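Line by line, the protein sequences are chains L and E. Residue 1122 is where the first sequence starts when you use the working numbering, and the numbers rise one by one after that. Residue 8 is where the second sequence starts when you use the working numbering, and the numbers rise one by one after that.
Source of the hints: derived by calculation from the structure; they are not laboratory data. All values derive from a computational prediction rather than experimental measurement. There may be inaccurate statements among the hints.
[Stated by the list, open to error] 16 Å max Cα-Cα, derived EDC-like pairs, lysine to aspartate or glutamate:
{"#": "1", "chain 1": "E", "residue 1": "K201", "chain 2": "E", "residue 2": "E174"}
{"#": "2", "chain 1": "E", "residue 1": "K43", "chain 2": "L", "residue 2": "D1163"}
{"#": "3", "chain 1": "E", "residue 1": "K71", "chain 2": "E", "residue 2": "E184"}
{"#": "4", "chain 1": "E", "residue 1": "K203", "chain 2": "E", "residue 2": "E151"}
{"#": "5", "chain 1": "E", "residue 1": "K33", "chain 2": "L", "residue 2": "D1211"}
{"#": "6", "chain 1": "E", "residue 1": "K71", "chain 2": "E", "residue 2": "E32"}
{"#": "7", "chain 1": "E", "residue 1": "K88", "chain 2": "L", "residue 2": "D1211"}
{"#": "8", "chain 1": "E", "residue 1": "K33", "chain 2": "L", "residue 2": "E1207"}
[As the list claims (entries may be wrong)] Label pairs and their in silico Cβ distance ranges:
{"#": "9", "chain 1": "E", "residue 1": "G153", "chain 2": "L", "residue 2": "E1207", "range": "48 to 54 Å"}
{"#": "10", "chain 1": "L", "residue 1": "T1206", "chain 2": "E", "residue 2": "T101", "range": "44 to 50 Å"}
{"#": "11", "chain 1": "L", "residue 1": "A1213", "chain 2": "E", "residue 2": "L85", "range": "46 to 52 Å"}
{"#": "12", "chain 1": "E", "residue 1": "G89", "chain 2": "L", "residue 2": "F1190", "range": "25 to 31 Å"}
{"#": "13", "chain 1": "L", "residue 1": "G1187", "chain 2": "E", "residue 2": "C94", "range": "32 to 38 Å"}
{"#": "14", "chain 1": "L", "residue 1": "G1188", "chain 2": "E", "residue 2": "P90", "range": "29 to 35 Å"}
{"#": "15", "chain 1": "L", "residue 1": "W1169", "chain 2": "E", "residue 2": "G178", "range": "41 to 47 Å"}
[What the hints assert, rightly or not] On the chain E side, residues computed to face chain L include the following (Cβ under 8 Å):
{"#": "16", "residue": "L17"}
{"#": "17", "residue": "L21"}
{"#": "18", "residue": "M75"}
{"#": "19", "residue": "L112"}
{"#": "20", "residue": "G122"}
{"#": "21", "residue": "L123"}
{"#": "22", "residue": "A143"}
{"#": "23", "residue": "L182"}
Ideal Cβ placement from N, Cα and C applies to all residues, glycine included.
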Amino acid sequence: MSSSLLQLDIEGPAAPPRSNGELVFAAPWESRAFGLAMALHDGGLFEWEAFRQELIKGVALAEAAGGEFSYYRCWLEALQGLLATEGLVDLAAVDDRTAELACRPPGHDHRHHDHGHDHAGRH
Amino acid sequence: MSPVPAPSDLPVELRTEALESILIEKGLVDPAVLDKFIKTYAEDVGPLNGARVVAKAWTDPDYKARLMEDGTAAIAELGYKGPQGECIVVLENTPTLHHLVVCTLCSCYPWPVLGLPPGWYKDPAYRSRAVREPRALLAEFGLELGPDVEIKVYDSSSEVRYMVLPERPAGTENLSEEELVPLITREAMTGVAKAKSPA
Chain L
1122 MSSSLLQLDI EGPAAPPRSN GELVFAAPWE SRAFGLAMAL HDGGLFEWEA FRQELIKGVA
1182 LAEAAGGEFS YYRCWLEALQ GLLATEGLVD LAAVDDRTAE LACRPPGHDH RHHDHGHDHA
1242 GRH
Chain E
8 MSPVPAPSDL PVELRTEALE SILIEKGLVD PAVLDKFIKT YAEDVGPLNG ARVVAKAWTD
68 PDYKARLMED GTAAIAELGY KGPQGECIVV LENTPTLHHL VVCTLCSCYP WPVLGLPPGW
128 YKDPAYRSRA VREPRALLAE FGLELGPDVE IKVYDSSSEV RYMVLPERPA GTENLSEEEL
188 VPLITREAMT GVAKAKSPA
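Extracted from the complex, chain L is given alone in its bound form (with noise of 0.2 Å):
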């Protein structure tokens, strides 16, 4: 991702604009989420109105279910949603290697820095 750093506009004199406001990702899993959503859609692989209504969906039953409201689950949810009904993605596989993952030793993402996820870069 070398390339991309390089083409990293910061022109300007003023801050970056992270500098300007909160952290928009409270976790990396949520940036994580939203850009598959992106790249997917970037991609051609679905209108993003037809997410979006998924989304609106998602985010009025959460509310109605009440409980701790967490928009990127919502956001997360829709896109799982529309995947599978767009036939990309059979989500009985997404659980059989969510359960896979959930069987590494603890701390396994501490010890191998060269695996190739970048923990989104967060500090």
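Given chain L's structure and the hints, the job is docking chain E onto it.
Same frame as chain L, now just chain E:
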């Protein structure tokens, strides 16, 4: 061995990681494109873009006229365009008219000028109370508006996203466009605050 938990009970970060790995294996997502989107929205696109638009509008009457006429085009003049910015309408605040922006259905927001929405914008309480009792809500944000100030609430949607052009604060007559930028916050451009006064 503890019993295997149901997938829905597993942490959401694992589910996200699982989905990402499957999408990459299937060739549906290019990891470089994914990382570029995340980096762009986490670091590069933010309310600073909108602040530059507002500062230019405050100092260049011709630009302001173009901005009010066609927000999307005037914003694109500064190089800010992209997803969720296809139709941006700018709402001008005055001493007697205050605009407040919300998305009651989800969280539609003008990404190219304000970045991704902050937590409070997505909060169910904000989304319902902005419409029902905007004056009380604004007071809780620390913005007490007098009874002579009319409040208009605009509901952003996938078709139109709104951005507020706040009033230029008093005492800024001698500031340059670049000096004005730090006074213009995301909150001011959403209508939950006024632009800051110079220190």
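Hint-by-hint comparison with the structure:
1. K201/E / E174/E: Holds - the C-alpha atoms of E174/E and K201/E are around 7 Å apart, at most 16 Å.
2. K43/E / D1163/L: Holds, at roughly 12 Å.
3. K71/E / E184/E: Holds: K71/E and E184/E sit about 13 Å apart, inside 16 Å.
4. K203/E / E151/E: Status holds; Cα separation ~15 Å.
5. K33/E / D1211/L: Status holds; Cα separation ~11 Å.
6. K71/E / E32/E: The hint is violated at about 48 Å.
7. K88/E / D1211/L: Distance ~34 Å between K88/E and D1211/L Cα, so the pair is violated.
8. K33/E / E1207/L: Status holds; Cα separation ~14 Å.
9. G153/E / E1207/L: 48 to 54 Å: holds (52 Å)
10. T1206/L / T101/E: 44 to 50 Å: At roughly 46 Å between Cβ atoms, T101/E and T1206/L fall inside 44 to 50 Å, so the hint holds.
11. A1213/L / L85/E: 46 to 52 Å: Holds - the Cβ-Cβ distance for A1213/L and L85/E, about 47 Å, lies within 46 to 52 Å.
12. G89/E / F1190/L: 25 to 31 Å: holds (27 Å)
13. G1187/L / C94/E: 32 to 38 Å: The hinted range 32 to 38 Å holds for G1187/L and C94/E, with Cβ atoms some 34 Å apart.
14. G1188/L / P90/E: 29 to 35 Å: The hint (29 to 35 Å, Cβ to Cβ) holds, given that G1188/L and P90/E are roughly 30 Å apart.
15. W1169/L / G178/E: 41 to 47 Å: Given a distance of about 43 Å, which is inside 41 to 47 Å, the answer is holds.
16. L17: holds (5 Å)
17. L21: holds (5 Å)
18. M75: Violated, about 24 Å.
19. L112: holds (5 Å)
20. G122: holds (6 Å)
21. L123: Because about 4 Å separates L123/E from the closest Cβ in chain L, which is inside the 8 Å limit, the hint holds.
22. A143: At 20 Å from the nearest chain L Cβ, A143/E fails the 8 Å test, so the hint is violated.
23. L182: violated (14 Å)
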